Structure formats: structure tokens, C-alpha cells
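So for the sequence shown, my numbering puts the first residue at 10; every next one is plus one.
These aren't lab readings, by the way, just hints derived from the structure by calculation.
For clarity, every value in this text was computed on a predicted model and none was experimentally measured.
Think of the CB as a built atom: it goes at the ideal place given N, C-alpha and C, for glycine as much as any other residue.
No farther apart than 20 Å at their CA atoms in a straight line, the calculated lysine to aspartate or glutamate pairs in the EDC-like style are these: (1) Lys89 / Asp49; (2) Lys89 / Glu112; (3) Lys128 / Asp81; (4) Lys124 / Glu112; (5) Lys165 / Asp49; (6) Lys172 / Glu146; (7) Lys89 / Glu107; (8) Lys82 / Glu107; (9) Lys161 / Glu173; (10) Lys68 / Glu137; (11) Lys82 / Glu112; (12) Lys82 / Glu104; (13) Lys108 / Glu85; (14) Lys128 / Glu112; (15) Lys165 / Glu146; (16) Lys165 / Asp154.
Beta-carbon label-pair distances, calculated as ranges: (17) Asn98 / Glu138: 25 to 35 Å; (18) Asp159 / Arg127: 28 to 38 Å; (19) Lys129 / Lys68: 24 to 34 Å.
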Amino acid sequence: MTEDDLFGEGVFMFDLANLTKFWTKTNNKQKTNFAQTLIDYVTRRSGNSSISIFRIPTKNIPTDALSIRRQDKLFEIGNKYETTSDIYNAYARKEITEKVMDEITIGSPATLSNKFDRKKIPIEYILEENIPAKDIELFGTAKVDFNNLDLKSVLKQLFADKKENIFLYKFL
Numbered sequence: 010m011t012e013d014d015l016f017g018e019g020v021f022m023f024d025l026a027n028l029t030k031f032w033t034k035t036n037n038k039q040k041t042n043f044a045q046t047l048i049d050y051v052t053r054r055s056g057n058s059s060i061s062i063f064r065i066p067t068k069n070i071p072t073d074a075l076s077i078r079r080q081d082k083l084f085e086i087g088n089k090y091e092t093t094s095d096i097y098n099a100y101a102r103k104e105i106t107e108k109v110m111d112e113i114t115i116g117s118p119a120t121l122s123n124k125f126d127r128k129k130i131p132i133e134y135i136l137e138e139n140i141p142a143k144d145i146e147l148f149g150t151a152k153v154d155f156n157n158l159d160l161k162s163v164l165k166q167l168f169a170d171k172k173e174n175i176f177l178y179k180f181l
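Kindly produce the complete structure, drawing on both the sequences and the hints.
Listed below in C-alpha cells is the structure:
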């Protein structure tokens, strides 16, 4: 990835409720939904036709090191602009550009997550620190066929044979 990459580098982290609730949700401001955008981003960057989910126990992550960003804003901006340079070129006033960039790259303190949950705003967590590999477990993997993209099928593959698949039936 380049420094000009809009989404930034790292791991995209979501709580399970947010992932399943907003997987296929979209609104009229967005061209694509969360799943389409995430799958497109991951496969375009990696050149791979599969997506994986990992489980990261939160008990080992210091909450003061976490921040959150709004998925709806992130993907709305991501649908308009390809790179950070595009954002800088689009806004005439520097302070507006900086506010938009901070919203994308830095986010808000994770302590505000309850506020976003109450308003039913989809969020993702950002952790700039490294997570030890011993603390990460492969949760599920799914193959993606872009010619026949079935988002519910992808989600079911990711959760196959997991006790958490009970969450799927609430949202699919």
C-alpha cells in the first residue's frame, strides 16, 4: 500500500454485531454496501479472491490505544475519492480537508463507541499497535466470485461451523 491509500494500512476490526448488522446495509448516499466495499478493497489490494476473518480477544488490547471511525463516513468518502490526494484537491479550505482526513485516519476515542451504538452508526476499531500473532485466531475464510457475488453466501462461509453463526439468522 502507498502513503496515498485512502483507507490506511492495518487490520479492520469490528465487533460481531456491527459486522453482521451492516454487512449488506446501504443507504442512498452510498453506491455500494459495506460488504461489497470491504471485499473489493481487500481483493484489489491483495490480488486474492478470498477473504478471511480473524478473532482477536479484546482482553489483551488496552482500550486507551483503540480509536474508532464511522464506517458510513469512511465508505461515503471512499466512494467519492480514490486517494488522499483526491481529497486534498477536492476541498479548497485546508481546515475542512484536515477535518475529513482526521475523521478517516485518526477517528475518535473508543470510549465514544456507546454513543455511536445508541445512534446505530456502524463503526470500526483502529489499533495502531501490533497485535501478537499468538493472540489471533483464524475464524473463517470464504472464496469470492465477483461474477456472481452472493454476499449472504460469503458471510455464511465465513461463519461456517462456528457457534457465532446464530447471529447470522437475525440479519440475513
